[in-house]
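4 protein chains.
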Amino acid sequence: MSTPKVQSFLSTRKEQLKNHGRLLIKCQDQPGIVSELSNFLHQHNANITESNQYSSNPEGGMFYMRIEYYAEDLPLKARFMEQEFKKIAAAYSMAYRFAYGNELKRAAIYVSKELYCLNELLWEWQNGELPMDVAVVISNHEDAREMVEALGIPFHYIPANKDIRAQVEAEQIRLMHAYNIDLLVLARYMQILTPNFIDHFESRIINIHHSFLPAFIGARPYERAFERGVKLIGATSHYVTNDLDEGPIIEQDIERVDHREDVASLKKIGRQIERRVLARAVKWHLEDRIIVQGNKTVVFH
Amino acid sequence: MSTPKVQSFLSTRKEQLKNHGRLLIKCQDQPGIVSELSNFLHQHNANITESNQYSSNPEGGMFYMRIEYYAEDLPLKARFMEQEFKKIAAAYSMAYRFAYGNELKRAAIYVSKELYCLNELLWEWQNGELPMDVAVVISNHEDAREMVEALGIPFHYIPANKDIRAQVEAEQIRLMHAYNIDLLVLARYMQILTPNFIDHFESRIINIHHSFLPAFIGARPYERAFERGVKLIGATSHYVTNDLDEGPIIEQDIERVDHREDVASLKKIGRQIERRVLARAVKWHLEDRIIVQGNKTVVFH
Amino acid sequence: MSTPKVQSFLSTRKEQLKNHGRLLIKCQDQPGIVSELSNFLHQHNANITESNQYSSNPEGGMFYMRIEYYAEDLPLKARFMEQEFKKIAAAYSMAYRFAYGNELKRAAIYVSKELYCLNELLWEWQNGELPMDVAVVISNHEDAREMVEALGIPFHYIPANKDIRAQVEAEQIRLMHAYNIDLLVLARYMQILTPNFIDHFESRIINIHHSFLPAFIGARPYERAFERGVKLIGATSHYVTNDLDEGPIIEQDIERVDHREDVASLKKIGRQIERRVLARAVKWHLEDRIIVQGNKTVVFH
Amino acid sequence: MSTPKVQSFLSTRKEQLKNHGRLLIKCQDQPGIVSELSNFLHQHNANITESNQYSSNPEGGMFYMRIEYYAEDLPLKARFMEQEFKKIAAAYSMAYRFAYGNELKRAAIYVSKELYCLNELLWEWQNGELPMDVAVVISNHEDAREMVEALGIPFHYIPANKDIRAQVEAEQIRLMHAYNIDLLVLARYMQILTPNFIDHFESRIINIHHSFLPAFIGARPYERAFERGVKLIGATSHYVTNDLDEGPIIEQDIERVDHREDVASLKKIGRQIERRVLARAVKWHLEDRIIVQGNKTVVFH
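Residue numbers (the UniProt record's numbering), protein chains in the order written: chain A, 1 to 301; chain B, 1 to 301; chain C, 1 to 301; chain D, 1 to 301.
Heads up, some of the hints might be wrong.
[Said to hold, decoys possible] Derived lysine to aspartate or glutamate pairs resembling EDC-like cross-links, with alpha carbons at most 16 Å apart:
id, chain 1, residue 1, chain 2, residue 2
1, B, Lys296, C, Glu227
2, D, Lys296, A, Asp258
3, B, Lys267, D, Glu84
4, D, Lys268, B, Glu124
5, A, Lys267, A, Glu202
6, C, Lys296, B, Asp253
7, C, Lys296, B, Glu103
8, A, Lys296, D, Glu129
9, B, Lys268, B, Asp288
10, B, Lys268, D, Glu124
11, D, Lys5, D, Glu124
12, A, Lys268, C, Glu124
13, C, Lys5, C, Glu149
14, A, Lys267, C, Glu129
15, B, Lys296, C, Glu261
16, C, Lys296, B, Glu227
17, C, Lys14, C, Asp73
18, B, Lys283, B, Glu84
[As the list claims (entries may be wrong)] Chain A side only, calculated, beta carbon under 8 Å to chain B, not exhaustive:
id, residue
19, Gln28
20, Pro31
21, Gly32
22, Ser35
23, Ser38
24, His42
25, Thr49
26, Ser51
27, Gln53
28, Ser55
Hint data in this document are derived by calculation from the structure and do not stem from the laboratory.
Built from N, CA and C at the ideal position, the CB exists for glycine as well.
Required output: the full structure, derived from the provided sequences and hints.
See the structure below:
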């Protein structure tokens, strides 16, 4: 699909979804929240089209809710609604967030030499499955340039190694701001990120790790899976925190393997898992289906 | 686990859940429903602990909702709440149903010679997974008697064949009323039920069919799966209607098979699928997670 | 990956596998077959590296075997071995086939407007997962041309409809011979093939059907799955015979769905299943892992 | 099913399988092995009914093979065949093992308070899925006695804690010898076994661990899975070695979970996984489908 096709597709989608909004909240569980929220939306002539809630404990636990709603002329009244909502949020000490169907998140995809995860994301994006603007692709190798630029997406080659990490990350942070990035996807980007970098983008960096965490944290998981003789291999998509491979898990999946697999064939099987696990996690993030609480995620799907 | 243990377990469970209620509704989608329902519960000091909704189409489709709530002294005010709710139901032309944690559904299990589905249900029931009173087991064979009576459950042997179908069903209907049955589970009961029988228990008979419907409707599905050379076999649990194997599907599952399987081994593999598919469907029914609409089910889980 | 890269990759692979052979046999089960075959290979200094066998019934059933072997200088002696093997084959009335690692099958891929299956095949081919020469892509639409020609693969646009079927198929058969095709893959080619066409390529046409057969044979399976309210949807890859959707099944897979899915979302989920099911079936065919017997397949994997 | 039924079933099975044998071998890969083995069987009028082989590397790796064969009057000639086979084994430095359809392995099942794995094993045993003599059940609690003795199986209550471990294990070892045990199944036996005990039964103790190893080695895996927020939970069956939870893995499986699960519901879901994973591993062991090599297993199924 050529670039103008993607642009046209995204424009159409934004127009179609311009009257659709989402509200995500998180607060201490307490009586009357649902009633309050549904009254608020009803008063603004917003009709609830999808609703999910979860309470970690009805007695004193945390309450999480995601509502999708439809309202005529939503773009004209969204800011007013947000203003009005502040009173409710204050009364219940809510953390909350509004999102709108016509505001696509702007994503940066980081990649190294292995391109299959990037491929999957761009493919699903072109199929309309991933509602985002792919604003830029960053790589410490040139391999992806041709494919990325063919889609009209800016590509930045930033060589990286541990000796120049500070200046590399400074340049990356500058680019993220220049491109006004909402989401960073590490699609097999094989460089360590420092706490300084990560702190700039809390709960906005999604990584794919090539094992079912917490098994095989760290390097060479397929090699270690082979050595351990596991009968399943997996992949995990998670938000990146300063603890390596310890951030909130968004999605995991596995495939069966047997004694005949060597490391190379484990990697081939693993690629298929990584592809789909990362694509699902990114999709759910883009659709605002994920609420992070501590080191865990609530995923409403 | 002995019978007094089961009784004691069920009593404890009813006591624990006595302040828990469920409300299921179905109506034309229209603005304000969620607001109305949540206000209603809030006014009666009922706190929503789980909520699911689904709209087949926000513009003129059907709206389905299931709410679990907690209210102090619920048994004392449940009938009053139901009375009060009638106004809302009328205003929105709702079909609706209340259910309570301390009112267990009364189930009859029908079985023939193959006992593995009955076994699974009784096992999961003893484990506390299936909140029901197993009021009676009906069979056209004596095989299950010993096991059933050992659990203190009444067992009725009613021989059946097509020549005596009318009188058999008359006796069965009589027993269902005598035992005050809410749910009939056909756990591999290998007799045809007539429309007359089925009409007595609409959306209250759950069957397990030993194929992934609509493949292999009717008799001998494993033999036909073998002949067709499928690479997956499955099982389907559904509500029974007058169209054989055509009722609303509740749950399906499959396992992989390969060319080495013969009919006997397909049946062995299939047993494991049937067991778990039927147990899940019964569990969801008992927890009031299923809303039937036309020939389909909405399952909130 | 650019075309020269693919060519270079395939050349390297053929060189690496030039001493690897495969022998597939099918005959009445009888004592001594394995002994005979293993002696034969041993006498020709061929070392068995993988071996699979299956007997439908040790007493008078059919016997199937697939052997992978390695022999120094295999290309120099392969024809001699084949000549020598004729005696064994005659003695046991075997149907048999030799295949060699350095002889890639030549494939034609047929496609219409939906390109995701074609995409998957070409991707996996570029990744080295599908050892074949993609000799030509045939389509009754122009959509795939750009992508296909960018990989250096000939693309033929042959408009098709039922009024011109005879001349279309004559042209297609001519092309298949011109390109010396061993395998036809129908990657969502939405035209009926006549018995005349199919007879030219027995057990060499692989189709992907978008349901778990035998459910939803024929047109519009996703629409019918939606109407039936199934909880699983699937896809089936099979060899094409003159009975529509009734040919020998090679592979099937499914995904769970629920009441929230509409036809459009079923199709999206289904695409992922179709992609992987077709890619697996093609891979197994290319690796000579499939033996067709009657309307069923033995798949050694 | 009552005890005489089980006995009668096992007798029938032994009679049916009395002419069926299995041969498992392990040695350095080298040319001619398959030829040698198939000639040997052919010369003794033994017909191969199933055969699996695996080479870790055709150039200098290990070779593993499992053959099932059928021979008239096998019990009369089995010892002679074994004697004859010694020459082949010596020539190729094979480790090998013969097993026979009419010689059931004698199993001891160890259990503590959680009975669901024991239940599954006894159920599958009664269904004919697990060809073994259940010689004895050992427990450090009395909970299982009634169920076990009702099946006519000896039950030994041996209280256990770390202070009396040495004497407990001495008694257990004595019992294993008194009952002539071939296989120990730890069906949720919640006591540490010392190296001394384990050394007595190398590759003959099968454990079920309630996580997908190597994740959550050690105690309280469900609690730790909850804390980590994983989206899959699993179970692992493995041979017990002196490294806790580090022995050769036989089988693993998983189920999806989400944020709504608490520790109690994870345990309930986990039970279903543990049940089936353990039953499969025991079945494969009983059918001599597992070859241990180092810390890994080759499983031919």
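Check your understanding: So which of the earlier hints does this model not fit?
Key -> 3, 5, 6, 7, 8, 9, 18, 19
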